[in-house]
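Asker: Sequence:
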Amino acid sequence: MQQFSINEKGYYGEFGGAYIPEILHKCVTDLEEAYLRIIGSERFKADFDLLLRDYVGRPSPLYLSRQLSERYGARIYLKREDLNHTGAHKINNTIGQILIAREMGKTRIIAETGAGQHGVATATVCALMQMPCTVYMGRTDVERQHVNVKKMELLGATVVPVTSGNMTLKDATNEAIRDWCSHPADTHYIIGSTIGPHPYPDLVARLQSVISKEIKLQLTEKEGRDYPDWLVACVGGGSNAAGTIYEYLNNDKVQILLAEAGGKGVDSGESAATIHLGKPGVLHGCKTMLMQTEDGQITEPYSISAGLDYPGIGPIHAYLAQVKRARVLAITDDEALRAAFELTRNEGIIPALESAHALAALEKMTFAPGDVVVLTLSGRGDKDLETYFKYEDDYK
Numbered sequence: 033m034q035q036f037s038i039n040e041k042g043y044y045g046e047f048g049g050a051y052i053p054e055i056l057h058k059c060v061t062d063l064e065e066a067y068l069r070i071i072g073s074e075r076f077k078a079d080f081d082l083l084l085r086d087y088v089g090r091p092s093p094l095y096l097s098r099q100l101s102e103r104y105g106a107r108i109y110l111k112r113e114d115l116n117h118t119g120a121h122k123i124n125n126t127i128g129q130i131l132i133a134r135e136m137g138k139t140r141i142i143a144e145t146g147a148g149q150h151g152v153a154t155a156t157v158c159a160l161m162q163m164p165c166t167v168y169m170g171r172t173d174v175e176r177q178h179v180n181v182k183k184m185e186l187l188g189a190t191v192v193p194v195t196s197g198n199m200t201l202k203d204a205t206n207e208a209i210r211d212w213c214s215h216p217a218d219t220h221y222i223i224g225s226t227i228g229p230h231p232y233p234d235l236v237a238r239l240q241s242v243i244s245k246e247i248k249l250q251l252t253e254k255e256g257r258d259y260p261d262w263l264v265a266c267v268g269g270g271s272n273a274a275g276t277i278y279e280y281l282n283n284d285k286v287q288i289l290l291a292e293a294g295g296k297g298v299d300s301g302e303s304a305a306t307i308h309l310g311k312p313g314v315l316h317g318c319k320t321m322l323m324q325t326e327d328g329q330i331t332e333p334y335s336i337s338a339g340l341d342y343p344g345i346g347p348i349h350a351y352l353a354q355v356k357r358a359r360v361l362a363i364t365d366d367e368a369l370r371a372a373f374e375l376t377r378n379e380g381i382i383p384a385l386e387s388a389h390a391l392a393a394l395e396k397m398t399f400a401p402g403d404v405v406v407l408t409l410s411g412r413g414d415k416d417l418e419t420y421f422k423y424e425d426d427y428k
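Sequential numbering from 33 applies to the sequence shown in this note's numbering.
Quick caveat, the hints were computed from the structure, so don't treat them as lab data. Heads up, none of these hints are tricks.
Derived BS3-like pairs (lysine-lysine); straight-line CA-CA distance at most 25 Å:
1) Lys356 / Lys41
2) Lys428 / Lys396
3) Lys311 / Lys41
4) Lys248 / Lys356
5) Lys396 / Lys285
6) Lys285 / Lys245
Ranges between beta-carbon positions, derived for each pair:
7) Arg69 / Pro193: 34 to 40 Å
8) Asp86 / Glu175: 34 to 40 Å
9) Thr139 / Glu40: 27 to 33 Å
10) Val298 / Pro401: 27 to 33 Å
11) Arg69 / Ser101: 42 to 48 Å
12) Lys296 / Lys356: 26 to 32 Å
13) Asp284 / Pro93: 23 to 29 Å
14) Glu74 / Ala159: 22 to 28 Å
15) Lys356 / Ser196: 32 to 38 Å
16) Gly105 / Ser196: 45 to 51 Å
17) Arg103 / Lys254: 17 to 23 Å
Idealized CB from N, CA, C, for every residue including glycine.
Please put together the full structure from these sequences, using the hints given.
Answerer: Put into structure tokens, the structure is as follows:
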């Protein structure tokens, strides 16, 4: 059987690794040597499980959508990560990482954010643990996600607008890494997705795997078996997708469908469809698929969704796509908006724009009658209301 877990050098096939400046070598090596020991310890497990239950509100519900099931001729469940404290899956990872940082003696937290959900989740756990927090966010995202900026500041975080490049997630990540290089001894960088130098992709995937662990238990109760026929999730950096599929990677009865941001179309020049457009390269500490020019310069991604406009993808997803374990579809802005408005009006659930990409992927599939499909609703749409208000009349 093909193995899909990370190897001892931090690679999924050819993707992954740790490509870092020398000044960060000790930080990354210390984390690599400590993370498995810490997350395997009884103290960590007890603290993590308690906070996920009593602070985050897990387990998140697995909801059978009658409207989607009737429309697509399958049993379609929504894994409701939107119902977590702070409104998205991001809190699963930040709770785990701040416990690890505390155990390692770190006293300061930094993070990057695009849509702001990871920034809010990081600021939240820093307030909980009373640790100083600095969040880097591209100025473009600061403007389109203003409410999340105010939330982070209300929680006590310092939000630093980044004005380099396209002023989005890629540029925020660059600045966070610069900060980390300047403060390696006392600072832990809470990376928000399955991206970055090893061990971050594996660490984040393990912390988010609570999603698929719960799906197994919930499906056993609802369907009499612990696996679906299909798992569906949106993918940018890929943390909610990694958490959704983690427990099922070696189960070949389970098919994986991922939705990346097609923007205005894969061939439009305004897209973030990394699997469709990318080539192997190194960015932000790992080798993965990247949108780049012929001479290796990173091209600017575009998506209506602030959480998906990243020019790369987590190395686990690059590998799964390469070996055909996962099927990746590019979903346009228009398709995502239509799916978001339909779920809102037909189910009373306003999804995040990121999650709407996963919903739109259902339209491109033909399911067998009786198929069990689990789609992870990675976050709620509060942060995207201004965008929805702008386009509301177009999707009556």
